[in-house]
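Undergrad: Next come the chains, spelled out residue by residue.
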Amino acid sequence: MRTVFSYLRGRIHTPQIGDLVAVIDLHVNGTPHRVGLDPRTSLLDALREQLGLTGTKKGCNQGACGACTVLADGERIVACLALAVQYDGRRITTIEGIGTPEEPHPLQRAFVRFDGFQCGYCTSGQICSALGMLAEHRAGAPSAATPRHAAAGPRIALSDPEIKERMSGNLCRCGAYEGIADAIRDAAAATGTAGAADASEAVL
Amino acid sequence: MRPFTYVRPPDVDASLRAIAERPGARFLGGGTNLVDLMRQDVERPAALIDIFGLPLDTVEELPGGGLRIGALVRNSRLAVHPLVRERWPVLSQALLAGASGQVRNMATVGGNLLQRTRCLYFTDHTAGCNKREPGTGCDAIGGFHRNAAVLGAGEHCVATHPSDMAVALVALDAVADVRSVRGSRRIPLAELHRLPGETPQRDTVLAADELITAVELPPSAVAAASAYRKVRDRASFAFALVSVAAAIEVTDGVVSGVRIALGGVAPKPWRAREAERVLTGAPAGEESFRAAAAAELAPAVGLPQNTFKIELARRAVVAALRGLTEGSTA
Ligand SMILES: Cc1cc2nc3c(=O)[nH]c(=O)nc-3n(C[C@H](O)[C@H](O)[C@H](O)COP(=O)(O)OP(=O)(O)OC[C@H]3O[C@@H](n4cnc5c(N)ncnc54)[C@H](O)[C@@H]3O)c2cc1C
Ligand code: FES
Ligand code: FES
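Protein chains in written order, with UniProt numbering: chain U, 1 to 204; chain Z, 1 to 330.
Simulated from the structure, these hints should not be mistaken for laboratory data.
Just to be clear, a hint being listed does not mean it is correct.
As the list claims (entries may be wrong) - These stretches of chain U come out as covered by chain Z in the derived footprint (C-beta under 8 Å, 3 or more residues):
1. 29–42
2. 51–63
3. 103–112
Source: prediction; values computed, not measured.
From the three backbone atoms N, C-alpha and C, an ideal C-beta is built for every residue, glycine too.
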């Protein structure tokens, strides 16, 4: 095996194709990983190819479908447009870190109950995105669908237009949108707005 | 993607030196545009200077009531900032109208301003595109150009600038703080982006090694009544066909202050100075709004597929102004 260059802040190193040139620390689902990678590697590919966490999916690889959504320090991002090296030291939550087969997260239960999927390809991204979205909503963030008088108020109702606008970064080729919105609405109502302060707390 | 040198300097000064030392290097913000374009082999930086973690991510109120926005403030943070929502609502609305929740959490203010066009030919290596490869022609003109510009374009390029945020900032007379190893300068946002002319490959007046460190919003009474209106092919998560950032102040039925900028219609965020000139001092009402919109769009030139944008832009301007003045118009 090739030597793994130690990654030093601020050092310049010219990578060759195939070289492992950066070593970064990714904290994924509560477990620290030291990963050596080519700096061209996306966070998505690092998770899937190097850590074997294939629950996060690659749809468009262009930021347009949301299948690759994960949480970085509790905030939803698209892992396909993130270079892994930019997330050195950050806490990443993927679908594997949300619930367990025996004890699914309430949002996962709701997706099953309301048929929030058909083929399931978009589902891990939908669930990670919804967790990030609900944390944003709890923090009082308005959306493009928020009426202006409501934006100034203490709490924005999570209406259907609100859910759809806030989840518009997640496409579902099977068109399970109604079930997805129902599941999110139900899970949000069940946990209430007094729930966890950020998505990662809601997750763990 | 081609290989590149990855550098993550600890501070702004080191970042400026790192880019100055490396020809072909680029700054890396959230990566949501640059990484995408590198993957498509449109952008080919020799080195990436990663500024994503630099401490240019604060929003500070300035003495006198203005706002200083660090270049690395994420789009999502800026959109929900209480002072932005209260004093410059058009900016919050423009940000929330752009991209998706996930992309806004990654996108930075500097990167948003410098994002490249969404003209299809820009990323199509089988087509001619003077912006991507100078001298290869503009295949949009004789091809698919429904999304192309109707103002400020030319025979060499008809691409539009896709940013929503920039349209609001241009209307608000924002100024960019720019630094390089050679020193610093301030650029009014209305002068940051340039028209294609003979060199459509250059989107802005920035030199390759210049870093946007912050954007400043001057205090503005007129901005309190401001709004962003975006017209697009679907209700969410789509670039603008036409957009309008507008702010208006009406005193005794007369327009005493107005700021208008248009998106989706030009190679740069388009400050509508002609519309503002027509409106200032005019009675605040439908008739003046129409006259102002018509004056601004008078020099517009459409191509077969995008001529609809001219009338759409006129109507969007009128609708934006009407929305802001309902109840107070003559
Ligand atoms: C699917 C999708 C949909 C989108 N929809 C919209 C939309 O509807 N409306 C809209 O406005 N935008 C939209 N966007 C674009 C998005 O807003 C931009 O990609 C984003 O704002 C870029 O910010 P960034 O920090 O990721 O920039 P990067 O990709 O990191 O950088 C972009 C460019 O800016 C340069 N740069 C970055 N920061 C600085 C700085 N401080 N100083 C100097 N140079 C700098 C980089 O070198 C690069 O050339 C969309 C993007 C995607 C992927
Ligand atoms: S795979 Fe990342 S958004 Fe589609
Ligand atoms: S369930 Fe098939 S893509 Fe959404």
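Undergrad: Does each hint hold? Answer for all of them.
TA: Hints, one by one, checked against the model:
no.: 1; hint: 29–42; verdict: holds (count 4)
no.: 2; hint: 51–63; verdict: holds (count 3)
no.: 3; hint: 103–112; verdict: violated (count 0)
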